[in-house]
Structure formats: structure tokens, C-alpha cells
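Undergrad: Chains as they are written, first to last, in my numbering: chain A, -13 to 178; chain B, 1427 to 2030.
Keep in mind that a hint or two might mislead.
[To be verified] Okay, the calculated bits of chain A under chain B, using three or more residues with CB under 8 angstroms as the criterion:
#1 32 to 43
#2 121 to 128
#3 138 to 149
#4 153 to 167
[To be verified] Here are a few chain A residues that face chain B, going by a calculated C-beta distance under 7 angstroms:
#5 Val26
#6 Gly77
#7 His85
#8 Pro89
#9 Gln106
[As the list claims (entries may be wrong)] Cβ-Cβ distance ranges computed for the label pairs, FRET-style:
#10 Ile129/A <-> Glu1920/B: 52 to 58 angstroms
#11 Val1961/B <-> Ile129/A: 21 to 27 angstroms
#12 Thr177/A <-> Thr1969/B: 56 to 62 angstroms
#13 Ile129/A <-> Ala1615/B: 55 to 61 angstroms
#14 Met1540/B <-> Thr177/A: 44 to 50 angstroms
Worth flagging that the hints you see were computed from the coordinates, not collected in a lab. Note that beta-carbon positions come from the ideal geometry of N, C-alpha and C, so glycine has one too.
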Amino acid sequence: MIPSGNILFCGVGGQGILLASEITAFALLECGLDAKKSEVHGMAQRGGSVVAHLRYGKKVYSPLIDPGQADFLVAFETMEAVRYLPFLHKGSKVIVNTHQIAPPAVATGKMVYPTDLLTQLTNRNIAVYPLDGFSIAKAVGEIRTANLVLVGALSTFLPVSEDVFLEVLKKRIPRKLDENIAAFKDGRKITA
Amino acid sequence: MTKVSSKNKQWLSGNEAIARAAWEAGVTVASGYPGTPSTEILENLCTYKDVYTEWAPNEKVALEVGMGASFAGARVLVTMKHVGLNVAADPLFTASYTGVRGGIVIITADDPEMHSSQNEQDNRHYAYAAKLPMLEPSDPAEAREMLKKAFEISEEFDTPVLFRTTTRVAHVKGLVATGKRKKGPVAVAIEKMPAKFVMLPGNARMRRRSIAERMEKLAAFVETFAANRIDKGDKKIGFITGGISYLYVKEAFPKASVLKIATTWPLPFNKIRDFAAQVDEVVIVEELDPFLETHIKAAGIACTGKDKIPAMGELNPFIIKKALGQETGDIFAPVDIPPRPPNMCPGCPHRGLFYNLAKYDVFIAGDIGCYTLGFLPPLSAMDSCVCMGASIGVAHGMDKALGDKAQGKTVAVIGDSTFMHSGITGLVNMVYNKSMSTVIILDNRITAMTGHQANPASGSNIMGEPANAINLTELCRAIGVKHVRTVNPHDIKECKKVLTEEIDRPETSVIISLAPCVLLPEERKRPKIPLTSFVDNCTGCGTCVRLGCPAISWVPLTAAEAKKMGKKEKQKGYARISAEMCNGCGQCLAVCKFKAIGKAEDAK
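Please take these sequences and the hints and turn them into a complete structure.
TA: Rendered as C-alpha cells:
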């Protein structure tokens, strides 16, 4: 049986979502799987809600994940995890960065950042794996590796060995490879 | 499992695959104007050897450049987004008459759902209206194969070829086979062919007949073109579809019979008729307008489509299944949470200008670019946005309609790249016809929204090589604008003074709001000294918060909390500045009247 699955990456423009989804795609391709990824560029990237769809399997047709069909959600920001709830199903696994970024309505005091966000997911029997990507990234010495912490946490659920991921990182990460690998490994520990 | 060999397949986006295919097809000249979702095609093509690539000031110029290069015998790629083809429509309709020497393919990258556009027009109609063939791929691998074929079609049938992608083809990544570069078949040289290239009525009438002959030949060709293919399956429903919709149909109904249309125009009507005869019912699945459906029905073939399938926005397999009454399962309802619209970056120069402009009782005619975000709260400083360059015409039209009440009431805001694209003629009109409007050129030195493409005012070209930088002040003076002022939008006070003087002026004036985009590489490298808020001094007046800077957030306080902090009980909160996000632009420092913002080192 050839594995297949749907991974949704979401967060705020500028958080390194495209690189995280790219690394994951390369690891799946290395294993001989077909994959397609859909991104949105342009206006939404200016601090807006950003999403990337990654699908893999024997042969992938649609580049978009249907509502109710995301097996994994990798959320770079807490509220964004809840925004994409309609894409999830009861068996979905959600890896969520506990980092919070106030959207304009919250930053200007017009609305309040919700407090019960993750219970919105756990109440629906969705498995949630919260992690503080920012602190872990700081601890490995490079604040911009938070996205690799998230990829690490996702990687233990995928039909890809750790070695394959490490090979991909070596090929694709141009700078601060050691810090990125450390972030990835720390991420793995959270879900292993 | 067969292992994907990285040697013969690459992981490419639709746009990267198109660039690769253009190079393989022997393209030597490429021109276009940036626009989502088309921009990355030329950004990638310019990295290949032996292809001259340029950003033109607008799509009309790009297509005209393409025609000249084709007349010389070169294979040419011209790229634009869907609304760009409106700008290029004038040369497009006559390029259909002249035909080509070297193959010319025009990419129209459409944006159903309007992810980054002002409308979701369906550019398939252009193929019908301009009497041109149009091809539509479904994914990056097909985009490469089909683009190469498009150049052959262009030369064989003496016609420009329209090549339509949509966001979910252009910005989708997939595995793509690659090949070697081959030279185009036509020798590049000046060859004068007046009967073909000089479209005076006498010649044009002759060429009009050539078009009819060409379309007849193309109609025969598409019947045997292998990319118009049938996936045999269950005969109950036969789907006719093309482009991205084909993949959605395959996902939703993997066992159905499908006729995949690659040539959106002209359509293979005989093949469609044969297919329809083999199935019980024909359903057309297409995004946006009923283009296939209308033409297939007009050919007398029974089918349905838009009675079920939405004619607005993007499709996906879920929507198609639901439309056709298939079980889709229960879906979690969305949770009500604060929206997250895009916002200008911390330190964006546009913010300072809009902060000031919002205070005037004027109609602010806006334009297309990052600065369109000035519409959003808390700045809320834009009253119209139509198309590239429209701000200037709209402001002038309003000025004329208001008549003797117009003085000090109309302002146009337009970016440097948009001004180059189609703002200059609007300004010529303003001066010529004595407008009292003020045009504000938001000059951040780059085409920012689409990801930093150089333009004729930037001082560099697509390759990053030095190029002439148009002097906007001299240009405006040459047009006849007597009052041209330059301001630094970060300097809130000076900016306000200049705005007041020029808006009130009873004649056309131009303000150049000059400060570079903070995302430019040289700006990113500039050392930044982040600001901080001194909570003790903050009275919670909210002035800095109304800048809408992502680095500034409002921290609400209860009466008890306020009292505990030694503040008045009625103080509702205070402002906090994120040191990680702050770029140190100083706009908030300039608007604070309570010495509650400063450099962290100045904190006492």
C-alpha cells in the first residue's frame, strides 16, 4: 500500500511557511512519492493569513486539499490553526506553534485575541501538539529556525525516515545548517 | 515504488515550468509586466542563458515588443496577468491580423477567486473575440509540454497563441520532466512584408480572410491534437473540462469518462460530439463563465454545467461533488475569530503618508499596489480603486463634476511603478484640461506588491544591471505641472504641511512621497534601532495605534489595573511596541505628544 496524505501549512505572511512546506515536499519526493503543492503569492503575503496545501501519494491530481480532508495541519500561529478548522477531520493531527501574532483588529484594540483557541480543536477530538517554536529556536541559537521545529514535529508522522529529512536539509538549507538540524531534531522529540 | 530521479524531473511551479519550456523552445526575446499570478515566469526566464528578458512599463508595450521580435523571426514569450491583457488588447486584436514570423505565445495568468486582483474576468473570451487559438494546461508538467507545442502552432498557423493559466496552475508545484534547448526554426533578420505587417484597411481586409482560413485549419487540427484526449470510464456521466478543473474532476470522479480539452479555442466539436454520443449525460465543469458550455450548446450538443456548478470563484473537488449531489461528509463549521487581512509592513513609508491624508476632507482616488492596503482600518484612507492608473483619471473626473466646489477636494495616490505603467497619460490630461487635483506619487523605488520587480524609475533592470532611472520631478515638470514637491513620508509634520498647501492649490500639483520599500535588500541590511514605548508616560490616547503598524499593539487595562500602574482609572490601556518587529522608522515617535515613545536606550 503506497501511503498518501494531505498536509496543510498555515500562518502569517513572512513566517517561513513556504520553506517549511518545500522541505517537507522534498522529503516525500525523495521516497518516490508523487506530490503537488499549492501556494498563494501576492497581496496575502503582506502580513495576512497564508496557507500552503501539500498532497502526496501514488498519483496526485488536485493540488488543493478539500474541506474535511487535511490529515495534518502545521500552524505557525495559534489563531491560524483554528481558522482552518473546516479543513480538518476527526483523525487530523495539528502541530501548532503557541506563538501569537495580533491581527490588526486586535492590535488596535477593536477585538480581543481569543483565549480558548486550542480547546476549539481538542473539543472536537482533534489531536493537538502545541509547541513553543520561538523558544526552541532561540535555544538552538537561531531565531529563524522555528519553522524547522514545526517540520521536525510533523516529520514523525510521515512515511519518511529521519535520515531522508536530514539529507534534504543538508541539500536545501543554505546557511546555519547545524542550527536548523538542531531545531528539526528538537521538533521531532515533541511528537516522537 | 519508483524513485523519482532528480536528473530528469524537477520540482517546479507552473510559472517555473513555463520559463523552462520557453527556454527549451528556443525563445530569445521575452517581455512582460509583473502581476500575480504571472510574475515568476520572467523572474525565472531571466536566469537562463541566451534569452533577452525585460520588464516593460506595461502589458501593451510588452506585447508590441513581442510583435516586433516575432516580425524579426525570433520566438517570443509575453507574460501578464488577466487584467494586463485588457491593457494589451489593442495590439492583441491586430496581432491576430498580422500573424507572426517567429512563434509568439502570450501568457494570460487569470486569478479566479481574486486572491490578488480587482476582478476575476475570464480571459478565455479573448481567444474567441480576437480569433486566436488558446491552450490551457492543468499542471506544471503539462504547462511545459503544452507551451512548447504552442510555439509550433504559432508558426505553423501564422498566429499568436494565447496560453491561459490560473493561480492553481501558476503557483502549484509538481514534478516536471525537462529537456534540452532547441533553436527556433526561423532565421532572425529584417524581412519587410508590408502586406502582412502594415495593417491599413486594404491590407487588413486581405488579412481578415487569412484569419478565416487559419481558424478553419485550426478547427481541423484540434480534432486530432493528442492533448484533447478522452479518459475512458463509466458512461453514465461524461465530463467535459479543461485547465485546473480537469484535475478536480479526476479527484472527485476518478472512474468517470472525461474529455479533457487542451485547446480552449477553437474547440474540437467533432470530438465533443462523438464523446457526447458515448455517454448518457454530458456535464461541463469549468471555473468562472460558461465558456465551453455556451459554445458547445451553440454547436447543438446537449449538455449541462452552470445550472449546478458555481460561476463565481475557484472550484475544488468538494464543490464539484456537492454540486452533483455526491456525499461529502460533515465538515466542521468555521469558528468566529478576528480576521487577518494583509497589512503594510512595519516601517512602510506609505503608512506615514496615509496617516496624514486620512485627516483631510477629500476624495482619495486610489490605485493598484501595496498602498491599496491604505484602504483598510485604522488608516481607512482610500475611496476608490479601479485599475492600473485609474486614480488620476478618477480624481480629475471628480474634480470636473464638482465644478466650483472642487478646489481642495480631490487627491490621487499612485505608486511609482503604476505611474510608469499608465499614470503618465492621466497626468497629461490633468494639466491639459486644467485640473485642481493633487497627484501623490508614492515612490518606494520598486514594484513592491508583486515581490520587487524593477521599473523604469528604479535605476536597474530585470537582470539587476544599472539602468536609467526616470526623474519623476523633471518628468512631471515637462508635462506642465508647475508645482512638484518631494516629501519624506516618515517626516509626519513636514508631510502634513506640504499636503495642506498642495491640496488647497487651485491647479494641478504633484507630491512625490519618496522613501524606499523597507523590504528592499539594501534596506533590510541597514542597521535598525527599534523604538519602545515608555509605559509610565503613555496616556493611552491611541494616536500611535491608529497608524496601524504591526509592531504596535494595544494592551487593554481594567480600571483596577490602571490604578495599580499609577494611572488614571479611566485610562483604557497603553501601547506596546514589539522590538522584534519594529523597524525604527520613527513615525510613531513623531505622532506621540507625551514623550512615551523613544529608543530603548533612552528609557529612564
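Undergrad: Could you run down the list of hints and mark each one as holding or not?
TA: We went through each hint and held it up to the structure:
Interface restraint, the stretch 32 to 43 of chain A with chain B: holds (4 residues with C-beta to C-beta distance below 8 angstroms; minimum three). With 0 residues having a Cβ less than 8 angstroms from any Cβ of chain B, the stretch 121 to 128 of chain A misses the three-residue criterion, and the hint is violated. Restraint check on the stretch 138 to 149 of chain A versus chain B: 0 residues with Cβ-Cβ distances below 8 angstroms, three needed, restraint violated. For the stretch 153 to 167 of chain A, the proposed coverage by chain B is not satisfied: 0 residues have a C-beta within less than 8 angstroms of a C-beta in that chain, short of the threshold of three.
Taking 7 angstroms as the C-beta cut-off, the interface hint given for Val26/A holds, the closest approach to chain B being about 5 angstroms. For the restraint placing Gly77/A at the interface with chain B, the shortest Cβ-Cβ distance is roughly 12 angstroms, beyond the 7 angstroms limit, so the hint is violated. Annotation: interface hint on His85/A violated; nearest CB of chain B at approximately 11 angstroms, more than 7 angstroms. Using the Cβ-Cβ criterion of 7 angstroms, the hint placing Pro89/A at the interface with chain B is satisfied: the shortest such distance is roughly 4 angstroms.
Hint on Gln106/A holds. Least Cβ distance to chain B is approximately 5 angstroms, under the 7 angstroms limit. Against the hinted window of 52 to 58 angstroms, the Cβ-Cβ separation of Ile129/A and Glu1920/B comes to about 36 angstroms, which falls outside the hint. Checked against the hint of 21 to 27 angstroms, the C-beta distance between Val1961/B and Ile129/A comes to roughly 25 angstroms, which is consistent with it. Range check, Thr177/A to Thr1969/B: about 45 angstroms between beta-carbon atoms, so the 56 to 62 angstroms window is missed.
Here the CB-CB span from Ile129/A to Ala1615/B is close to 58 angstroms, well matched to the stated 55 to 61 angstroms. Roughly 37 angstroms separates the CB atoms of Met1540/B and Thr177/A, a value that falls outside the hinted 44 to 50 angstroms.
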